[in-house]
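Asks: As a plain string of letters, each chain reads:
Number of protein chains: 2
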Amino acid sequence: MPGDDDVFLQAAIEEAEKGRDEGGIPIGSVIVHKGKIIGRGHNRRVQHGSAIHHGEMNALENAGRQPASVYKESVLYTTLSPCSMCSGTILLYKIPKVVIGENRTYLGEESLLQSRGVEVVVANNDRCYELMQEFIAKNPTLWAEDTGEVEVKA
Amino acid sequence: MPGDDDVFLQAAIEEAEKGRDEGGIPIGSVIVHKGKIIGRGHNRRVQHGSAIHHGEMNALENAGRQPASVYKESVLYTTLSPCSMCSGTILLYKIPKVVIGENRTYLGEESLLQSRGVEVVVANNDRCYELMQEFIAKNPTLWAEDTGEVEVKA
Chain Y
1 MPGDDDVFLQ AAIEEAEKGR DEGGIPIGSV IVHKGKIIGR GHNRRVQHGS
51 AIHHGEMNAL ENAGRQPASV YKESVLYTTL SPCSMCSGTI LLYKIPKVVI
101 GENRTYLGEE SLLQSRGVEV VVANNDRCYE LMQEFIAKNP TLWAEDTGEV
151 EVKA
Chain U
1 MPGDDDVFLQ AAIEEAEKGR DEGGIPIGSV IVHKGKIIGR GHNRRVQHGS
51 AIHHGEMNAL ENAGRQPASV YKESVLYTTL SPCSMCSGTI LLYKIPKVVI
101 GENRTYLGEE SLLQSRGVEV VVANNDRCYE LMQEFIAKNP TLWAEDTGEV
151 EVKA
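Those protein sequences? They're chains Y and U, same order as listed. Numbering-wise, the first sequence is residues 1 to 154 according to UniProt numbering. Numbering-wise, the second sequence is residues 1 to 154 according to UniProt numbering.
Careful: at least some of the hints might be erroneous.
[Unchecked claim] Some, not all, of what chain U presents toward chain Y, calculated at C-beta under 7 Å: (1) I52; (2) G64; (3) A68; (4) C83; (5) M85; (6) S87; (7) P96; (8) K97.
Source of the hints: derived by calculation from the structure; they are not laboratory data. All values reported here derive from a predicted model rather than from experimental measurement. A virtual CB, placed ideally from N, CA and C, is assigned to each residue, including glycine.
Could you put the whole structure together from the sequences, leaning on the hints where they help?
Replies: Here's what the structure looks like:
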C-alpha cells in the first residue's frame, strides 16, 4: 500500500503530465497541508511565457495567500530537484519538508535547503526521470532556458 | 548630476509608489539591460492575492522570457533588500549586480548573494525607507505576511 509521500508525489507527476500535454516543461508540484493538497501547479514557461512560474512557484501561487502557520506545517512535493528560485521560496515561507521526485536530470539547491534545516527527501522516482528525459531529448533549448543556461531567445 | 544607479533606483521607487497608490506593499523593482529598462514591477500580494509576486519577481515576469545572456548582463534595482525567494531568482538567472534601496526595514539574503559572486550595492535611500515605514505603521500584519511571518490570514 503506498504511503502518503507516494500518493502526493503521484499528484505532482499528474501535474507534470498535464504540463507536457500542454506542450510545456513536464515538472509538477503540489503543496500539502496536514494531509490535504492546498495547491497544485506545473511549469508554465511555455504556456504563459513566464520566467517565474516553475512548477513549485505555480503550486504556491495557486494555493493563494496562506498564513505563515500553514506553510510551516506543509510539505512541498516536486517532480524535480528545486532550483535556487524555488528553494529560496521554500526558505521564505519556512516550508519544513520537500519531497523530490528525482535529481539526476538536475540537481538544485538541496544542500542549501538542508543547511537551513529543511528536510529533503529524494524519491528517485523513475517516472519523473523519464518525463524529463523524453522532454529534453525533444526540446534541449527550452530546457536550458528554464535553468538559466540558454543563450538564444526561445 | 545623478548617475545611472540613481536614475534606475528612482524608476524602482516610482513602481513602489504605484503599488502604494493601489493599496499594495510599496516595494518596486526594475531590471536594466545595457542601460535600458526591460522590466518594471511592484509587489502584488494585495492587488493579485499573490504569494510570489514580490516587486523583483513581478519585474522579471514583466520582462518576459529573455535569453540567459541578457540576464547575465543585467542589473536588478529594488527598493528593499531581496528576500530568499527573490535572491534565489537572481542566482537562477545569474544576474551579476543588484542595487538595493535600503536594508534597514528588512535585511534579505545579501550575504548569500555576495557568497555566490553577486555584486550588492546598498544605496541607503531615504525615500525607500520612508515608504516602508509609513506602510508598516498602517499595515503591520500585511507586511509580516509578505516576509512569511504572519500567523493570521490577512
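Asks: Minimum Cβ distance from U:S87 to chain Y below 7 Å?
Replies: 6 Å, holds
Asks: Once the shortest beta carbon distance from U:P96 to chain Y is found, is it less than 7 Å?
Replies: 12 Å, violated
Asks: Taking the least C-beta to C-beta distance, is U:G64 closer than 7 Å to chain Y?
Replies: Hint on U:G64: holds, closest Cβ of chain Y at ~6 Å, below 7 Å.
Asks: Do the numbers back the hint for U:A68, that is, is its least Cβ distance to chain Y under 7 Å?
Replies: 5 Å, holds
Asks: Against chain Y, run the beta carbon of U:M85 and see if the smallest gap drops under 7 Å.
Replies: Because about 4 Å separates U:M85 from the closest Cβ in chain Y, which is inside the 7 Å limit, the hint holds.
Asks: With a cut-off of 7 Å, does the beta carbon of U:K97 approach a beta carbon of chain Y closely enough for the hint to hold?
Replies: Since chain Y brings no Cβ nearer than about 16 Å to U:K97, farther than 7 Å, the hint is violated.
Asks: Less than 7 Å between beta-carbons is the criterion; does U:I52 satisfy it with respect to chain Y?
Replies: 5 Å, holds
Asks: Can you verify the interface hint for U:C83: is its Cβ closer than 7 Å to any Cβ in chain Y?
Replies: 5 Å, holds
When held up to the earlier numbered hints, the structure conflicts with 7 and 8 and fits the remainder.
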